[in-house]
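Starting from the given sequences, assemble the full structure and let the hints guide the process.
Listed in order, the protein sequences are those of chains A and B.
Under my numbering, think of the first position of the first sequence as 1, with each following residue one higher.
Under my numbering, think of the first position of the second sequence as 1, with each following residue one higher.
Bear in mind the hints are in silico, worked out from the structure with no lab data behind them.
Keep in mind the model is a prediction, meaning the values are calculated, not measured.
No residue lacks a Cβ here, since even glycine has one placed at the ideal position from N, Cα and C.
Among the hints, a few may not be true.
Unchecked claim - Simulated restraints on C-beta separations:
(1) 135/B to 16/A: 47 to 53 Å
(2) 102/A to 157/B: 54 to 60 Å
(3) 142/B to 257/A: 56 to 62 Å
(4) 148/B to 277/A: 31 to 37 Å
(5) 49/B to 1/A: 53 to 59 Å
(6) 173/A to 4/B: 55 to 61 Å
(7) 173/A to 124/B: 52 to 58 Å
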Amino acid sequence: MSRTIFDKIWDRHVIQSIKDGPSVLYIDKHFIHEVTSPQAFAGLKKRNIGVLRPGQIVATADHNVPTLHQELPIKEELSRLQVETLKKNCADFGIELYGLGHPYQGIVHVIGPELGITQPGMTIVCGDSHTSTHGAFGAIAFGIGTSEVEMVMATQCLLQSKPKLMRINIDGDLHTGVVSKDIILYIISKISSSGATGYFVEYAGSAIRKLSMEARMTICNMSIEMGARGGMIAPDEITFEYLRGRVFSPNGQDWEYKLACWKELHTDEDAVFDKEIHTDASEIEPMITYGTNPGMGIGVTGHIPALSEIGEKEKNSFEKSVQYMGLEPGSRIKGKKVDYVFIGSCTNSRIEDLRMVAEFVKGKKKADHVEVWVVPGSKQVEKEAIREGIHHIFEQAGFQLRQPGCSACLGMNEDKIPAGKYCISTSNRNFEGRQGPNARTMLASPLTAAAAAITGEVSDIREFI
Amino acid sequence: MGQQINTVQSTAVPLNMENIDTDQIIPARFLKATTRDGFGKNLFRDWRFNSDGTTKPGFLLNNPIYKGRILIAGKNFGCGSSREHAAWAIKDFGFDVVVSSFFADIFKSNALNNFLLPVTVSENFLQALFKVIEDDPLTEIAVDLPAQTITIVGDGLQESFEINPYKKSCLLNGYDDIDYLLSIRKEIEKFETSRN
Ligand code: SF4
Chain A
1 MSRTIFDKIW
11 DRHVIQSIKD
21 GPSVLYIDKH
31 FIHEVTSPQA
41 FAGLKKRNIG
51 VLRPGQIVAT
61 ADHNVPTLHQ
71 ELPIKEELSR
81 LQVETLKKNC
91 ADFGIELYGL
101 GHPYQGIVHV
111 IGPELGITQP
121 GMTIVCGDSH
131 TSTHGAFGAI
141 AFGIGTSEVE
151 MVMATQCLLQ
161 SKPKLMRINI
171 DGDLHTGVVS
181 KDIILYIISK
191 ISSSGATGYF
201 VEYAGSAIRK
211 LSMEARMTIC
221 NMSIEMGARG
231 GMIAPDEITF
241 EYLRGRVFSP
251 NGQDWEYKLA
261 CWKELHTDED
271 AVFDKEIHTD
281 ASEIEPMITY
291 GTNPGMGIGV
301 TGHIPALSEI
311 GEKEKNSFEK
321 SVQYMGLEPG
331 SRIKGKKVDY
341 VFIGSCTNSR
351 IEDLRMVAEF
361 VKGKKKADHV
371 EVWVVPGSKQ
381 VEKEAIREGI
391 HHIFEQAGFQ
401 LRQPGCSACL
411 GMNEDKIPAG
421 KYCISTSNRN
431 FEGRQGPNAR
441 TMLASPLTAA
451 AAAITGEVSD
461 IREFI
Chain B
1 MGQQINTVQS
11 TAVPLNMENI
21 DTDQIIPARF
31 LKATTRDGFG
41 KNLFRDWRFN
51 SDGTTKPGFL
61 LNNPIYKGRI
71 LIAGKNFGCG
81 SSREHAAWAI
91 KDFGFDVVVS
101 SFFADIFKSN
111 ALNNFLLPVT
121 VSENFLQALF
131 KVIEDDPLTE
141 IAVDLPAQTI
151 TIVGDGLQES
161 FEINPYKKSC
171 LLNGYDDIDY
181 LLSIRKEIEK
191 FETSRN
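This is how it looks when you write it as structure tokens:
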């Protein structure tokens, strides 16, 4: 029978199926961080049980960490306690920790792939919804809650019901200035922030095939923003090339063996999906969000929907949302003044993102009234940016290059956008208060964010390249 | 865990808004605790309180007329972050049931793992609930897990809801997934060996 790539990986990991219930799914890799793990460790201690396979867990500190002066003790007491608790728990249970100061430290969804820990065919979980990022390698990867973190620690398994499957096909060519972030913002704006709830998504089509691994990760990362459990892309030569020679990638004979297995991972030609969507890449413009969920996105030259274009049931939420953003229904967003630009987060903080921004910014200066933070996704990204001299370009442009962490993506550390201020952000969520109480977030690609940094307002990148 | 859910009858709090994300339910800056307790006081923090800590009288949870063990919310409740703190906060605040026409997946599993029952109703039934409670905040709602029904007490309007039979028996009997997974350790080890 024809099967999807999801079916192939799923079937290989099911230990047993409970009658009328979920399946017991074996988990290959488990990433943990300081925020969603302490209660899970506490649970293990309370039950007086250990971690079943500590070698299959990798820990890092990312959500809470400062992005300036990481060499000093963390000032904020609760954050420090959380990071120290992680350190102690990892030591107690024998788990590898890439904590502050470690050359591999960084945002959990950036370091897994760049270290070669994330590999095709795996099942991967983390107490974080953007675990979907790892699906870019042809893995089943999804976010879980803390109770489930505890389950995986204790048993290396989860009870899961098989989700429905959706395929999103994107064919054709992207226009200049349009990048993978625009693809995913466009799709979410079309199907809404709940359009894929209950589904696992496979992205396919010629436009996807042409993307680099970094660009594919950006797309899979935001699968959760349309409600999907996860997103995945079948591995191909681009995937294998990316993985070759990474710290934890297989090598020698093992590499040859794994490579042969990975090449089998694709959806059979006549496999059937529960839902299928087709999009033409040439329809996509540089995108930006105007509201308080990631589905509220428009082309950068478009206008915010007028009240008359909104359905009766959504009116309440829509009005609340644009009011929060201080924007007029029916107005254009281009030309809107911005106060902050944040380039970072597990969506867009990889070396390719920084290179893309640097290439555009080279020789230019930021607008005076704008503050620009560039936060690399990991120590390795930071190191590479410095090696390539990207930090000089940023310095000359007046951009601040900070140290790795989640930073203003969720404002758990000091990096918060002040109340009422507008921030163009390359992160994945524009929820109320996400970047700080009453902060106003507009999501966009690194290129669109860079353009805004230079002009000081929402701009169309296509006018500059 | 020693918790169970069977039937719940109470007045309800109607949050007539769609796409309520877990950042609203519990903002990130309150996720710094290392225990599961006490999140209820920061439930919907930025909707309930001004930045100086004073309450916002306009928000429903600050209106003493709305109370009860059942929270009713618009479509796509619990979207966004996987933080289980959202389920902990709702439960800690005193709710045992959340009703919506649509739940985000991770929120739903987190709720079930914490003996907070997510009840999915039709959009029509949801609107009927909002309407009756708006007309009379003292209206009681009855949720019967064994029978899988939700009823507007007094007016008799009823709908049945779906729940996975395995999850249902967990909730009724106070079992959680981890108990089950721990009991099949031998099978898990056998599976591991067979793969190598
Ligand atoms: S960067 Fe943002 S979205 Fe990504 S893991 Fe960190 S907090 Fe979550």
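Consistency of the hints with the structure:
1. 135/B to 16/A: 47 to 53 Å: holds, 50 Å
2. 102/A to 157/B: 54 to 60 Å: Since the Cβ atoms of residue 102/A and residue 157/B sit about 59 Å apart, the hinted range of 54 to 60 Å holds.
3. 142/B to 257/A: 56 to 62 Å: Holds - the Cβ-Cβ distance for residue 142/B and residue 257/A, about 59 Å, lies within 56 to 62 Å.
4. 148/B to 277/A: 31 to 37 Å: Holds, at about 33 Å.
5. 49/B to 1/A: 53 to 59 Å: holds, 56 Å
6. 173/A to 4/B: 55 to 61 Å: holds, 58 Å
7. 173/A to 124/B: 52 to 58 Å: Violated, at about 44 Å.
Checked against the numbered hints listed earlier, the structure breaks hint 7 alone; every other hint is satisfied.
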